[in-house]
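Chain residues, written in single-letter form:
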Amino acid sequence: MANTSKPIVKKSCPLDRGALRYIVPAAVFALGVLFLIIGIKDGEINAVLSKAVALCRECVGIG
Amino acid sequence: MEVKASNKPKKTIAQLRKSVERRRIGIQAAFSILTNSYIVGFLKGTIYQGKLKQVCVPGMNCYSCPGALGSCPIGALQAVFNQGEYSKFWFDAKTGTAVAPPMYYFAFYVVGFLMMFGALCGRLVCGFLCPFGLIQDLIYKIPVPKKMKIRTFPGDKPLRYLKYFFLVVFVIILPLLYEPNPFFCKYICPSGMLIGGIPLMTYGSIFGNLGQGTGTGITSWAEAGGLTILKLSIMTALLVGSIFIYRPFCKYICPLGAIYSFFNRISLYRYSVDESKCTNCGACRHACRMGVDIVKTPNSLECIRCGDCKAACPHHAICAGFGKKKAAAPEQENTGSKVA
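Protein chains in written order, with our numbering: chain A, 13 to 75; chain B, 3 to 342.
What the hints contain is simulated information worked out from the structure, not anything from laboratory work. Incorrect hints may have been included.
To be verified - Coverage of chain B stretches by chain A, computed from C-beta distances (three or more under 8 angstroms per stretch; other residues unrestricted):
| id | segment |
| --- | --- |
| 1 | 161-173 |
| 2 | 189-197 |
| 3 | 245-257 |
Claimed, not checked - Computed beta-carbon distance windows for the label pairs:
| id | chain 1 | residue 1 | chain 2 | residue 2 | range |
| --- | --- | --- | --- | --- | --- |
| 4 | A | A42 | B | L178 | 20 to 30 angstroms |
| 5 | B | L178 | A | A39 | 26 to 36 angstroms |
| 6 | B | G227 | A | S62 | 43 to 53 angstroms |
| 7 | B | P147 | A | A39 | 44 to 54 angstroms |
| 8 | B | P156 | A | A38 | 40 to 50 angstroms |
| 9 | B | D158 | A | A31 | 47 to 57 angstroms |
| 10 | B | D276 | A | S62 | 43 to 53 angstroms |
Fair warning: this is a prediction, and the values are worked out from it, not measured in the lab. Backbone N, C-alpha and C define an ideal beta-carbon position, used for all residues, glycine too.
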């Protein structure tokens, strides 16, 4: 494929540089773990289970 | 560039792209089988009711599929948003204080789960772990004349925002405002119809209502009504559309893809372009079936991390990974190969 004469226009993202490249995903991951623990401690996991083990008739198109 | 002579057979770009695609579909298939391996469900026309269903799967996988071992995060999100009797984290939507009903619950567990996967992989989940993505991938392989495969069309870009509308309105606002009602699952989701409704109703039609005692109680297709017709129509339109358009559900409708897309720019798994190698030849742009220009936006919200652009790059300028990787040095001479 022939090269075009158009210059490369690359959007630079500050999150791609330096330590932020790792700190941001690590922080989001840690917050996710925290939320997960809060959810489990609060019994949310049981709400998920109770919904998931009963057939959702509407979800499968019967309602 | 000088390339060392190697005894390995040289792969053309087309071969490389095929092998990358095969590996990706293999991973998708393996993960889909693993998360839908409750064989008894298919044999008895019922669904799995064990503890594993507490855990969400990362992709779009209806928990009412006879084989499903885990929960669909979108279904779980809708279910939890308006369930509160077990919770102490109530808050009044209007005042923000923790008092009497109507009170809403922030789905910590499901949101936390999505944040974890999002922070690690972003939309890599869409490309590698989603069963419904796999179905669309396979359907897109149905051969039709090349000019019938639609890469883009007027209105394609604005339509991409539709998935955010479905996320906000059908997954968050409506289940919050009204009784626990999975609006997206009920009125839109084709996954539930395809891997849940059709197998269960067909089973009921053939073998009778054997599943009644174990939770489903679906007798036959005779139970189908207006909702079935609506969902069948949406599902059929999407599946037929998948022959001509690459992953229409993921591009325009999927709220889970919409959630993961927010993480694409910050996730640990990232794409980058080595500007010293990139000649802006357009091979990656031409290869991308999601319509992403990886050179301009390596971590576009639309990128499902399938790796096709990376395989298609004749200059090995695109790198992807969890760490700060440099693009691999070319093992074989690809220049001169056919790109598309």
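For each hint, the structure was consulted:
Coverage of the segment 161-173 of chain B by chain A is violated. Counting CB-CB distances below 8 angstroms, 0 residues qualify, and the rule asks for three or more. With 3 residues carrying a beta carbon less than 8 angstroms from a beta carbon of chain A, the segment 189-197 of chain B meets the three-residue requirement, and the given coverage holds. Under the rule that three or more residues need a Cβ within less than 8 angstroms of chain A, the assignment of the segment 245-257 of chain B is violated, with 0 such residues. At about 27 angstroms, the beta-carbon gap between A:A42 and B:L178 stays in the expected band of 20 to 30 angstroms.
Distance hint for B:L178 and A:A39: a CB-CB separation of about 27 angstroms, consistent with the stated range 26 to 36 angstroms. Between B:G227 and A:S62 the C-beta distance comes to about 25 angstroms, which lies outside the given range of 43 to 53 angstroms. Taken as a hint, the range 44 to 54 angstroms holds for the pair B:P147 and A:A39, whose Cβ atoms sit roughly 49 angstroms apart. Here the CB-CB span from B:P156 to A:A38 is close to 42 angstroms, well matched to the stated 40 to 50 angstroms.
Between B:D158 and A:A31 the C-beta distance comes to about 37 angstroms, which lies outside the given range of 47 to 57 angstroms. The hint said 43 to 53 angstroms for the Cβ distance between B:D276 and A:S62, and at roughly 50 angstroms that hint holds.
The earlier numbered hints that this structure contradicts are 1, 3, 6 and 9.
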